[in-house]
Every structure is written in structure tokens, then in C-alpha cells.
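A.B. asks: In case you want the letters, here they are:
Protein chains: 2
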Amino acid sequence: MSTLHDPGTPFAVVDRNRLRTNVTRLRDRLKPHGVILRPHVKTAKSIDVARLVFDGGPGPITVSTLAEAEAFADAGFTDITYAVGIDPHKLPRVRALYDRGVTVTVLLDSLAQAVAVAECGVPALIEVDCDGHRGGVAPMADDLLTIGEHLASRGCLEGVLLHAGESYFAYTPGEMAAAAANEREVAVRAATRLREAGLTVPTVSIGSTPTAHALDHRSDLTGITEVRAGNYVFFDLVMAGIGVCALDDLALSVVVTVIGHQPGRVLTDGGWMATSRDRGTARQPVDQGYGLVSTLDGTLLPGLRMTDASQEHGTLTTSSGELPDLPLGTRLRILPNHACATAAQHRGYTVVDGNLDITGTWPRVQGW
Amino acid sequence: MSTLHDPGTPFAVVDRNRLRTNVTRLRDRLKPHGVILRPHVKTAKSIDVARLVFDGGPGPITVSTLAEAEAFADAGFTDITYAVGIDPHKLPRVRALYDRGVTVTVLLDSLAQAVAVAECGVPALIEVDCDGHRGGVAPMADDLLTIGEHLASRGCLEGVLLHAGESYFAYTPGEMAAAAANEREVAVRAATRLREAGLTVPTVSIGSTPTAHALDHRSDLTGITEVRAGNYVFFDLVMAGIGVCALDDLALSVVVTVIGHQPGRVLTDGGWMATSRDRGTARQPVDQGYGLVSTLDGTLLPGLRMTDASQEHGTLTTSSGELPDLPLGTRLRILPNHACATAAQHRGYTVVDGNLDITGTWPRVQGW
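From first to last, the protein sequence lines are chains A and B. Under UniProt numbering, the first residue of the first sequence is numbered 1, with each subsequent residue one higher. Under UniProt numbering, the first residue of the second sequence is numbered 1, with each subsequent residue one higher.
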């Protein structure tokens, strides 16, 4: 059996034990609420990860690209929400999936999109803005009803969808709970307005990894039919920085090799090509650079950070300037700021189950 | 014939006319100096781009990964410098190429690496540090001679290599000329020390896109045998920001589609997955956000910038808050901060020749 000492570095590794724990935790958290969990597969972009999430079942899932929709459709997933505002030019690909028996529900926030979608005859969710972070119609805007009525007139209105972008900047449990409550309230308000106009609104979808993890058994999810979350399968330093997970929950890391030493610095063969340029923790109270560093077996090396990167070079430093003894050829693991971005730098994952033995390789969906 | 209106967005586009101009400019600049140009293929990672650079010839080239070395070897390139400090674990792949008749010269800056490389029997360059930005031995260090003598004793000493990382922070022609002169002087000093110790030093290699473009016919390159540069085939906003190129030289861009409107913001389907998270201009006097924006035919939209990104959403804003009329479905081009990082987000390039007609698609080498 090969181990993490064998593949050429850098490479991405997933600890399946941690992945299972993360998946079970959110499933258990949502169970008392009777809502559907529609995980966002954009983080892992892996059929294997999705099969683990659903114990082999066919979804439902959320995707960020039509390439994901097509790849997951090929793998048997038939209930897919494409959660990026629809470009009408992409509708023929959506319709082609529909004609194969795969429902791809699209997202929109304008009448121009609704007209194109109704013409194409596929189901749509109206994106509703709850915190000004991305797209969506305001919950009390006239547009909400105009769009809803146009979609409903062609049998295309599936419901409303919200994404609490603000939750990524919530640093206390109170702020997080407020972001989650706001997301729910705005969703219910928008759905209620549509229903009061006589429209049928089967789906009221909310979600983000932070707000989904702010839920407990006392949380009120009345009026919500489904929750989305994506990052939680892997977690990362940004999520740890806002208290959504512990460092021991991080299931994705990048294995790198020490290739040089300079005064106060250790150089590795893992640059931004392996970690991404994501510096998500730079906006948090604790800036983790390009990532924290552990030994190959996962023991965190206290104080050591990847603080600089060129394309294929990583620079490890400590704030004290004192460095652990890491001879040429030593393999280390970098814990990433942002799992979605780091994973995107790799074509697949090397899989382990809590130790160094490699038990599988999982490909990723690429492109658009 | 299909045009840039046809492929699903986002996608990377290369303007071959600009690419040719960039390639010719550097070739002409180096001609009077009689040095070898060994372009770094890590930016484009494209056999097609390299063939254009060499008019179909077989190199020589510089690579950043063994995956590049292997792919370019398969395409007939036989003289390759792998310019990242060698991890001894990677030597069997280097040796396998050597045994196929492909010379992969490796890079090192420690005796431990030199011992492994000499054992493997492949040629090596000693990395010499000229400005403290990455790896390399100091030009006057004892290590330089110790390493050189060990390599030479096994017939493995090819020469010295430097990379003027400091040049990326040179904002005036004077600073740039100083970085270039320092790189040359340190290179010659190191080579001279090795030669005075009785060693043969065939190659004295310097280079970076900024310092290579700081050369003119009056520059002194005495003692230098080859110059490397990579980014210049595409250029980007970082290079424009330090005056190495003009905005009209940028040969790589990303085509995106307008998918929504919010007060003061236009949303597109090109997020950081399409542009990368690179914010290289953030450290420059003018921060270009995630990139400047042009119409599909390449006309810059003054004042418009991509100022925020999520995975598959780009946010375009202006500092005045006034936005051009960009209806749903409008296609735009994003000019990237850092061509190496943006190109790395794509599996290949859509090729045009100065207009909207697509004349080819070029794949990229992926992975390590």
C-alpha cells in the first residue's frame, strides 16, 4: 500500500474520517428541523464526496457551474439547483439536462431572466437579497411579484433562494445567530408575499456553511424547506476563524516538501499553484497567511505559517524567527485558508483515513 | 466560424496578434547581446505558445514543474531547465527523461541536494541569491564552492542561475535598471568564484520578465550566457503597473457575461474561479482590484473595475458609482492582475487574432 510519502508533491489530501465527521455533524444538526439538506458541491466538486454525503443516494445537490450539473447528472444525481444567476445563453444546456430527466432549477433576480427562463420551460428560484452581499431582489420590491407572476404563468416558479453572505463576517455567536435569523426572516417574508399574491411557492431555500452551523435544536426554521451548505465537508481556516469548526475538523490539506532553507525561512515546493492565492484570513482577527503547517501525520507545528508564495515556492516562517528542524525532503501539510479555492488548484484528491496510508484517489469536476 | 459570442462563459482568451508582438519585442531586445533566450513556459503552459515563441523550434525552455518537463519533452523539447529547487524524491522522474535523451537541468542551493543530484547523474545549476527574495546561496558563501566542487567532481555542474525577485517591486526605470544590473553583477561574481576554483561554468543564467525588459542595446550583459523570462508572452496588470508593458500589450483576458445588476454594481459570471484570487496590484500604487474591464472587442471601459469576487460571481464597480449600460447577457473581458495565476484557472485558451473570430483552442499542461 502506498502512503503520503509516495506521490510527487505538492498534492491535495482528504482525510475521509474527518470528512465523515463533518458530514454527520451537519446532518444531525438539521434532523430535528425536518428540512431538506441540499449540499453545495462546489467545494469538493467530487462525485465520491457527494456519494459519501448521501450514503450513495442521488442528492439533492446545489452546483455552481453547468459542468458540475452535467457531471453529477451523469453520475445519477437528478435534482440539482444551479445557484448562480442564470445567463440566458446557458439555458440550452439546462434544457438538454431537463430533456434527459434531470431537473436543474435555475436562479434569477430580473424580469429579463424570467422571460428567458419561462420561454425555455425550466423551473426557477427567485434570488432574494438579505444583506447586500451579492445578487437578489429586495424582499419588499415590486420586482419580486412581477418576476414571480411571470414565472408562475408558465409553470416555472419553484420558490425563493437566499445566501447570507454577511455570515462570513460574523465573529461572535450572537452575530452569527443574527445573520441566520435575518436570512430566515427575509426568506419567509418573500415567500409570504408571493403566496399572498396567489402564487405557489414550494421551495424556500436558505443556507451558507456558517448559518447552517449556527442552527441548534432550539432554532426556529418555520417556513424554511431546505438548507444549503458546501464548505462544511472540508472546512478551512476561515471557518475556524469565525468559530464554525475546530482546526481538528479540517479535512483538506496540501502535502508539500521542504526544498530549501534561508535565514528565518523554510522553502517548500508548494506555492500558490498548490494553495491558491486565497488570503481569506487576512480580513479576520488572526491572519493565517497562506495557511498553517502540520507534520505529515497531522500534528500542528505551533507558530509556523506559510507566509509567502510564488508560483511553485512556499515560504514558512514563525513570528519569533525560530524554526523547527525540518531537513531537506521533509513532507509537511498546509492547512488552507479557503478549501474551495485550494481544492480548485488540484485535479483530484489523495484519500487517507486518519493515518498515512492512501486508500483512494478521487477526481474533481473541472471547468464550466 | 464561431466567435467570442459562442462558448459558454467564463473562458480564457488569447489574442495571438498581441502574443506575437510580445514575443518579437523581447527577441529583438536580446538580439544585440548574443545571449540565449530560455523562456519560462510556466505562464502559458502551452505547447502551442512555445512553438510560436520558437517558430516551431525545440527550445530551450524553463519549466516550473516536472509535469511541464514531461509534456514538453513529449512535444519534442529536449533542453529544459527545471527552475525550482530540486526535491531529491523527484530525481527518478528527471533521470527517466535524461534516459530518453531529454536534458532536464535541475536547480539547487544546498550540499544535501548536490549529493543527491550527483548520485543521480543529471546536470545542475546552483541557485545564487541576489536580493533575498526566495532561495539561493549567497554569492560569497563558502557553500557555493563546496556545492560546485561536489557537482563538478561527478560532471554535474552546469552553472549558476539567479532570479531578481526584487524587480517586481521596482517602480521607476532607475530602480528597474538597478535590479537588472545587480542581478548581472551577482551572477558574474558567483561564476567567477567557481571558475577561480578551477571549475567549468558553461551557463550563467539570469532573468525575470521585468529585468529582461529593462535591457536595451546599451546594457552590459558581459558574462551572461542566457536570459529567462516567462510572463512577457501574455503580460498583465502587475507588469503594466511597473511600466514593463502597456495595457494594449495584454494578450490574455477572461470573457464573462453580465448576469445581474445591483445599485452601484454589475454582477458577472466570472468569479475568482475564472480570474484567480491573485490581487497582485494591491501592493502597487494603483490597485486594479481583480482586474480592468473591456468590451468583448477589447475596448477598455474607463473607470470600471472588477472589485470583488466570489467563486462564480464577479462584481464590477466604478469609483464614481456611475455605471455604463451593460444589459443582461453582455459579454465583457477582464484583464487580469497576474497572467500566470489567471491562466492556471483554465484548462486551455480560446484563440483570436485581433478580432472576435475564434481561430483555435490551445490546451494547457496541468498538475505536477
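Please keep in mind that the hints were generated in silico from the structure rather than gathered at the bench. Mixed in with the good hints there might be a few duds.
[To be verified] Ranges of calculated distance between the beta carbons of each label pair, as one might list FRET restraints:
id : chain 1 : residue 1 : chain 2 : residue 2 : range
1  : B       : Ala-141   : A       : His-5     : 51 to 59 angstroms
2  : A       : Leu-356   : B       : Asp-28    : 35 to 43 angstroms
3  : A       : Arg-100   : B       : Gly-243   : 16 to 24 angstroms
4  : B       : Gly-354   : A       : Ser-2     : 44 to 52 angstroms
[What the hints assert, rightly or not] Below, a sample of chain A positions facing chain B; criterion: calculated Cβ distance under 7 angstroms:
id : residue
5  : Asn-17
6  : Arg-20
7  : Lys-42
8  : Asp-248
9  : Asp-249
10 : Ile-259
11 : Gly-260
12 : Glu-312
13 : Thr-317
14 : Ser-319
15 : Asp-325
16 : Leu-328
17 : Gly-329
18 : Gly-348
19 : Trp-362
Computed from a predicted model, the values in this text were never measured in an experiment. Every residue, glycine too, gets a C-beta built ideally from N, C-alpha and C.
A.B. asks: Are the hints correct? Go through all of them and say.
C.D. replies: Here is how each hint holds up against the structure:
1. Hint check: Ala-141(B) to His-5(A), Cβ distance near 31 angstroms, so the stated range 51 to 59 angstroms is violated.
2. Taken as a hint, the range 35 to 43 angstroms is violated for the pair Leu-356(A) and Asp-28(B), whose Cβ atoms sit roughly 53 angstroms apart.
3. Look at Arg-100(A) against Gly-243(B): about 53 angstroms separates their beta carbons, and that is not inside 16 to 24 angstroms.
4. Hint check: Gly-354(B) to Ser-2(A), Cβ distance near 50 angstroms, so the stated range 44 to 52 angstroms holds.
5. At its closest, the beta carbon of Asn-17(A) sits 26 angstroms from a beta carbon of chain B; the interface hint therefore is violated under the 7 angstroms criterion.
6. Because the smallest distance between the Cβ of Arg-20(A) and any Cβ of chain B comes to about 24 angstroms, over 7 angstroms, the interface hint for this residue is violated.
7. The restraint placing Lys-42(A) at the interface with chain B holds, with a minimum CB-CB distance near 6 angstroms, inside the 7 angstroms limit.
8. Interface restraint check for Asp-248(A): the shortest CB-CB distance to chain B comes to about 25 angstroms, outside 7 angstroms, so the restraint is violated.
9. For the restraint placing Asp-249(A) at the interface with chain B, the shortest Cβ-Cβ distance is roughly 21 angstroms, beyond the 7 angstroms limit, so the hint is violated.
10. For Ile-259(A), the interface hint holds, the least distance from its beta-carbon to any beta-carbon of chain B being 4 angstroms, beneath 7 angstroms.
11. Checking Gly-260(A) against chain B: minimum C-beta separation of about 4 angstroms stays under 7 angstroms; hint holds.
12. The criterion of a C-beta within 7 angstroms of any C-beta in chain B is met by Glu-312(A), whose closest approach is roughly 5 angstroms, and the hint holds.
13. Because the beta carbon of Thr-317(A) sits about 13 angstroms from the nearest beta carbon in chain B, more than 7 angstroms, this interface hint is broken.
14. For the restraint placing Ser-319(A) at the interface with chain B, the shortest Cβ-Cβ distance is roughly 19 angstroms, beyond the 7 angstroms limit, so the hint is violated.
15. Of the supplied interface hints, the one on Asp-325(A) is violated, with its beta-carbon coming no nearer than about 13 angstroms to a beta-carbon of chain B, more than 7 angstroms.
16. For Leu-328(A), the shortest C-beta to C-beta distance to chain B is roughly 5 angstroms, which falls under 7 angstroms, so the interface hint holds.
17. Because the beta carbon of Gly-329(A) sits about 6 angstroms from the nearest beta carbon in chain B, less than 7 angstroms, this interface hint is met.
18. Because the beta carbon of Gly-348(A) sits about 9 angstroms from the nearest beta carbon in chain B, more than 7 angstroms, this interface hint is broken.
19. The interface hint given for Trp-362(A) is broken, as the beta carbon of that residue sits about 15 angstroms from the closest beta carbon of chain B, more than 7 angstroms.
Checked against the numbered hints given earlier, the structure breaks hints 1, 2, 3, 5, 6, 8, 9, 13, 14, 15, 18 and 19 and satisfies all the rest.
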